[in-house]
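Student: Okay, here's what each chain looks like letter by letter:
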Amino acid sequence: MTNENNIKNALLSAQNISVTLGNRLILNDVSISVGAGDLKVLIGPSGAGKSTFLQCINQLIPTDSGSIYLEGERINMANNASLCHLRQNVGMIFQDFNLFDHLTAVENISLALRKVRNLSKEDANDRARKELNRVGLANRAGLYPAQLSGGQKQRVAIARALAMDPKVLLLDEPTSALDPELVGEVLAVINDLAAHGMPMIMATHQMDFVRSLATEVLFMESGSIIEQDKPHVLLASTSKSRTLDFCSKLNNLRQVAEHSPEITCTANSNT
Amino acid sequence: MDFFDITFLTQEVIPHLNDGILDSLALIIPAILIGGSFGILMGIVRVFAKKPLKIIADGFVAVIRGVPLTIQLMILYFGLPYIRIYLSPYTAALLAFIFCTGAYQSEYIRGALLSIKQGQIKAGQALGMTKSQIIWSIIVPQAIRRAIPGCGNEIIYLIKYSSLAYIVTHIELTGEAKIIASRTFRPTEVYLVAGCYYLFLITIATWLLSKLEQKLSIPGFSKANS
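Residue numbers (the working numbering), protein chains in the order written: chain A, 1 to 271; chain B, 1 to 226.
The hints are simulated quantities; they were obtained by calculation from the structure and are not laboratory data. It is possible that some hints are incorrect.
Selected chain A positions facing chain B (in silico; Cβ < 7 Å) [to be verified]: (1) C84; (2) R87; (3) Q88; (4) H102; (5) Y144; (6) A146; (7) Q147; (8) H205.
Just so you know, even glycine gets a beta-carbon here, dropped at the ideal spot from N, CA and C.
Excised from the complex, chain A in its bound form (with noise of 0.2 Å):
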């Protein structure tokens, strides 16, 4: 019965997904939902399965079993149309930020808008110039991705996402391939987002960010989630959770590598 409010209640819900890649069982029997002014944050060793959640989510990846609802409306995952209605309502952002690389910035968040929304080239281009300067980039408009830094990239990957007015945004570790000075400007755009109550389901190990402004932490290992909770209680150093473990185990890598000069050096000099 509560099960089925959440759906209800739910602007995003995943439910039961199962996933198996030849005999290996990569997801088992996962859920997860969102409402609105939920930031509900995925974390777990590699090959835990967050990547692999996140895009059966919006179905990049073909699930086995399980189902998605999008506003309490069951998404019927072998119409095609119904599958494009899902995405254009949910953003994602990749680890890699996949931005099309043979277009500019400003043609980058324009395609869609032309394509999917069927604006005008005008209007799409008035828009995306407006999505570029949300995220700080305006005087970046005309630059190809090969042009810009990490950071950017992301960001107008950001922008991307956006311009479709999706309901809700899915994450995939936007940090982790950037460099660490680089961190700091996507993930103001991150927190800005959040400040204007975004629906967002993020994979990151970011866990300043996460104690400060994630609403649930879901801690994922060998394809299941095992741990879920507030922040506070699965991080509150009373706790025996696996999550604390594994937190503190990111944050003595973390205080490793700011006191012993020689492995920073080693870090810089590789970069």
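Given chain A, work out where chain B should sit, using these hints.
Tutor: Coordinates of chain B only, in the frame set by chain A:
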């Protein structure tokens, strides 16, 4: 009789070869344009179309690539009349060249289409674009840029194998050269000049192709700019 007698060249060889080069161009230019478009379409079908269509296209390419062009020309011009299809020498040659260049071009295009990263497709899907919108607005424009060097190579081959048209009695550059050579018994000079004509055509084609490549170049797609 001097070797490389200027009057022989200017009075006999050059006027005839000038006629011949026009006949060659009348074959080469449509073959590049029609064959090229055909190749792009075939490449797309071979990568993205559903099974039955894909099998037909793959089979067509296998046959065209597997049979010598000379034999294809013979079949089109000397063979088809047996089933009451009569082609003029020009049509037979043009058709053979379109099929041949289309089949080879489709292979370059196919390779380029397959080289486009999966992430580009996923990004298009995530924005709600349909499969055909993704193919035509995202994949093909990128693939064509990657395929230009290979496709240019095929165009240069085409210019040279157009010289086979004379075997179905379409008299173009090579045909004219053969006629003068056998009439005057001075093959060395005639074929040397004809060779220079082909070299000239290919130099122009190479220059045009590099202009095209520059015009379509985008930062991140070629070494020079990235």
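Student: All the hints need checking, so say for each whether the structure fits it.
Tutor: Hint check:
1. Nearest Cβ of chain B to the Cβ of C84/A: about 5 Å, under the 7 Å cut. The hint holds.
2. For R87/A, the interface hint holds, the least distance from its beta-carbon to any beta-carbon of chain B being 4 Å, beneath 7 Å.
3. Satisfaction of the interface hint for Q88/A is found here, the shortest Cβ-Cβ separation to chain B being roughly 3 Å, below the 7 Å cut-off.
4. Annotation: interface hint on H102/A holds; nearest CB of chain B at approximately 5 Å, less than 7 Å.
5. Checking Y144/A against chain B: minimum C-beta separation of about 4 Å stays under 7 Å; hint holds.
6. The criterion of a C-beta within 7 Å of any C-beta in chain B is met by A146/A, whose closest approach is roughly 3 Å, and the hint holds.
7. The closest approach between the C-beta of Q147/A and any C-beta of chain B is roughly 5 Å, which is under the 7 Å cut-off, so the hint is satisfied.
8. For H205/A, the interface hint is violated, the least distance from its beta-carbon to any beta-carbon of chain B being 21 Å, above 7 Å.
In this structure, only the earlier hint numbered 8 is contradicted, and the remaining ones agree with it.
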